[in-house]
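Going line by line, the protein sequences match chains U and B. So the first sequence is numbered by our numbering: it starts at 271 and just counts up by one. So the second sequence is numbered by our numbering: it starts at 222 and just counts up by one.
Keep in mind the hints are simulated off the structure, nothing from the lab. Where hints are given, some of them may not hold.
Residues on chain B that point at chain U, a partial pick, calculated with CB under 8 angstroms [to be verified]:
hint, residue
1, Pro259
2, Ile262
3, Ala293
4, Ala392
5, Ser395
6, Gln539
7, Phe542
8, Asp543
9, Arg617
10, Ile631
For glycine and all other residues, C-beta sits at the position ideal for the given N, C-alpha and C.
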Amino acid sequence: MVAIHIVDRRLNPGSKSLENRQRFLRRAKALVQQAVKKSSHERDIKDVLEGGEVSIPLDGMDEPRFRREGGTRDMVLPGNKKFIEGDMLPRSGGGGGKAGGAGEGDSEDAFRFVLSREEFVDLFLDDLELPDLAKRKLAEVESEGLRRAGFATSGSPANISISRTVSRAMARRVALRRPKPDEIAALEAELLVCDDEARRAVLLAEIEALKAKAKRIPFIDPIDIRYRRFETTPKPIAQAVMFCLMDVSGSMTEHMKDLAKRFYTLLYIFLKRRYRHVEIVFIRHTDRAEEVDEDTFFHGPASGGTLVSSALQEMHEIVRSRFRPADWNIYAAQASDGDNSTSDSEVTGRLLTEKILPVCQFFAYLEVGQDAGLTFEMPDSSLWSLYERLRLAGAPLSMRKVCERSEIFPVFHDLFQRRVRQERAP
Amino acid sequence: MTGQRLFQGPDWDFPTLQRIHDACEEIAHSELGLNVYPNQIEVITAEQMLDAYCSVGMPLFYKHWSFGKHFAYQQASYRKGLMGLAYEIVINSSPCISYLMEENTATMQTLVIAHAAFGHNHFFKNNYLFKQWTDADGILDYLDFAKAYIAQCEDRHGRLAVEQTLDAAHALMSHGINRYPGKKLPDLRVEEKRAAQRRQHEESMFNDLWRTIPTGPVKSVQTLSAERRRALLGLPQENLLYFLEKTAPRLQPWQREVLRIVRHIAQYFYPQSQTKVMNEGTATYVHYRIMNRLHQQGQLSDGNFLEFLSSHTNVVFQPDFDNKYFSGFNPYALGFAMMQDIERIVTKPEDEDREWFPDIAGKGDTMGVLRDVWANYRDESFVSQFLSPRLMRHFRMFHLHDDPAETAGIKVEAIHDERGYRRVRRALSRSYDVGFIDANIEVVDVDLAGDRHLMLRHTVLNGAQLNDTDAKRVLQHLADLWTYNVSLVEQDTTGKVLKEYVANPRGLAAVA
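Could you put the whole structure together from the sequences, leaning on the hints where they help?
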């Protein structure tokens, strides 16, 4: 009998191909990225994060070989039913004369495969970057945190590291041969039962010596004591709040709300990747503003006039009460069809430039249009004109117009595209 | 005969596998007289099976993006349910490693052990092609060395350079094979040692001074005669990778070693592509015999045996040419049918068989004949020797001749009748002949005195020319390795030039 080995490999680390897969993705990056963008147009924003199948053209990813094609071919096939020698079979199908079961051409012009969620989002947002506009200074302000930094010989009693101290003390006691209590106890026990005078004297002397030595070598010495040391380290601000402002007056249709929602979702995904913690505040407004939950925000009915300043005022209040600009990165995106009462313009402008923009990392205004509308035909609304004026005067505002679902991603991409830094110029 | 049941129901554990193996081994040795490498059976998960698919079935392989591509592709089709996974993968190594999927039932594990661990294993160990071209003892160590070496090259020379070299080598892999055996049997362990020695030698001989010495005036060019030059370079040479490794003027030593690795691996797989029908036929025949015997001995219950028959039937299913599942001859079906047919001829021959196969008809010793067949034939010679008229009638084979110049259509050249048997058989045999399957491309000359232009020739058979896009791309890779211009001429057998390609080298990262 030959020896046989049966090995259970199931517990071996799987995904041996992971590195090969990463190499493949790296190589196909540009192609995959295009495919990801394209497929994200076709999907619902909600599903964008789900990863899934993409298809890339094979060009550049192919593995060429010398292949022959054409020419005269001979083949032997099974399953003859009615042919006899010398028959001529017409070429283009028909009568079972299938031209070539053997010739399955390589018509693999597109290559489909599945991306995981992480891979998809990575590629999706790869060339985007968060802008740091006016608040550069603020972005650099970092709070300080404490970090463990080893042990010290001095410190406050609250920071004594007991385990470290005790283990050092033990090492010292062992090194100096401090008599153990057991040894003394053993000698004392022997003394109790010992009758021989000479022996008793020896024992007594020995016990005395040991006790004296134990006294000289303390159980814990001040030199044993260690304190946990802490260092202060700058801690980056790792949280962000995103304000979604939306006009919900009667003139906003479901389609417009849908556009706005898609934009907010993209922004959320994007922020979520940059910050450990992202909060969202929904503020809807008619002629007065209120903070609402998400469902009400998108679906709750409301009617009334339109006062944009009310929403800005509400946002300002919330920032002041809950989100200290020093601790939070504040992003705001406003969606509206552009209606605003003329009398409100001045208040809105002032609120924006004086209160809102200084604390925001980024403020985007999205003007949404009718379903069938064309973006370039949208007339400048009152709000658009106002913001445009502010922007030209130097306010750090980003603004875009959108009519179609398919425009959302390009607009988003355009707003956050990684720009060549100009600050290197002196 | 009543034997102890090997197992009950579909569940198995490791002692069961051991029992199954021992029972199969008993039959394989005593009854079939198989001679196998020691077995190593490894149980793996579906995910690991997918992994194995993508590194051409080998347990360890160097890293390259193309494997990742295959992985992504296969994973996608597996998830969609377009593709099932194999029940097993078996590796031609010693010990012979069989991978079994964990989700197989006990019956399937029995089938797979009989099929792979005995059928394929015997074939690997005894067939002349495998003996000639592969070194089962050394392959795993060599792959390990290859993986480490390529990883080390990536560290030393950068991933990009290694990737480009591998891309080019992979493109030429189908033409990196020695088709005629040399004097020595392959020994991959020695190969690995020699690689290490070469490196060591280079390092010990390295002296930076040589670089600084001014080169003297060019020595007088001694013009070699064309004949002499070709003889010196070993031309014509059809092993393109070998030629590049030995003669490409500006390759780095490590690049030559990479080409060598790819070449050795291509050579290792060379016999497998020539013995698909025989290899699967052998394994299927062996598992069929073993399973039947186990059932007769009562080691396999009727229910389990029915389960086996059901999957066996699926495996040897041969759809007709007009069936939508048809994709050529199923090697399992053809191979198994031929093995069984040989058994019939040996034991119960008819007059026709006596006439066609006088050597084996009625000989009586089935296993002796089959073992001899398994040892000494490859698909092409096997079909041309042993495909019987009866089997041609059974499969209702017919031979089509498709000449694009013929407008009337495709001609039925021969069918399964008295007039056609030999022609059908010859045509089928030829379709398994690597000499006809692979394009015949050779290096014919190098302009050594001039611009080092490398000249290749494709001898066109039956008017089948190279695919234009692919040929250009492969040639580009070839030029990148050669680092000077490369041209490829397509000639038909009369010497008429049909087409000419030229490629100029791009600057590779490694050369720059």
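Okay, the hints, checked on the actual structure:
1. Satisfaction of the interface hint for Pro259 of chain B is found here, the shortest Cβ-Cβ separation to chain U being roughly 5 angstroms, below the 8 angstroms cut-off.
2. The criterion of a C-beta within 8 angstroms of any C-beta in chain U is met by Ile262 of chain B, whose closest approach is roughly 5 angstroms, and the hint holds.
3. Because the beta carbon of Ala293 of chain B sits about 4 angstroms from the nearest beta carbon in chain U, less than 8 angstroms, this interface hint is met.
4. Residue-level restraint check for Ala392 of chain B holds (minimum Cβ-Cβ distance to chain U is 5 angstroms; threshold 8 angstroms).
5. A hinted interface residue such as Ser395 of chain B counts as satisfied when its beta carbon comes closer than 8 angstroms to some beta carbon of chain U; here the least separation is about 6 angstroms, so the hint holds.
6. With a least beta-carbon distance of about 6 angstroms to chain U, the hint placing Gln539 of chain B at the interface is held under the 8 angstroms criterion.
7. With a least beta-carbon distance of about 4 angstroms to chain U, the hint placing Phe542 of chain B at the interface is held under the 8 angstroms criterion.
8. Nearest Cβ of chain U to the Cβ of Asp543 of chain B: about 5 angstroms, under the 8 angstroms cut. The hint holds.
9. With a cut of 8 angstroms, the hint placing Arg617 of chain B at the interface with chain U holds, because the nearest CB-to-CB distance is about 4 angstroms.
10. The criterion of a C-beta within 8 angstroms of any C-beta in chain U is met by Ile631 of chain B, whose closest approach is roughly 5 angstroms, and the hint holds.
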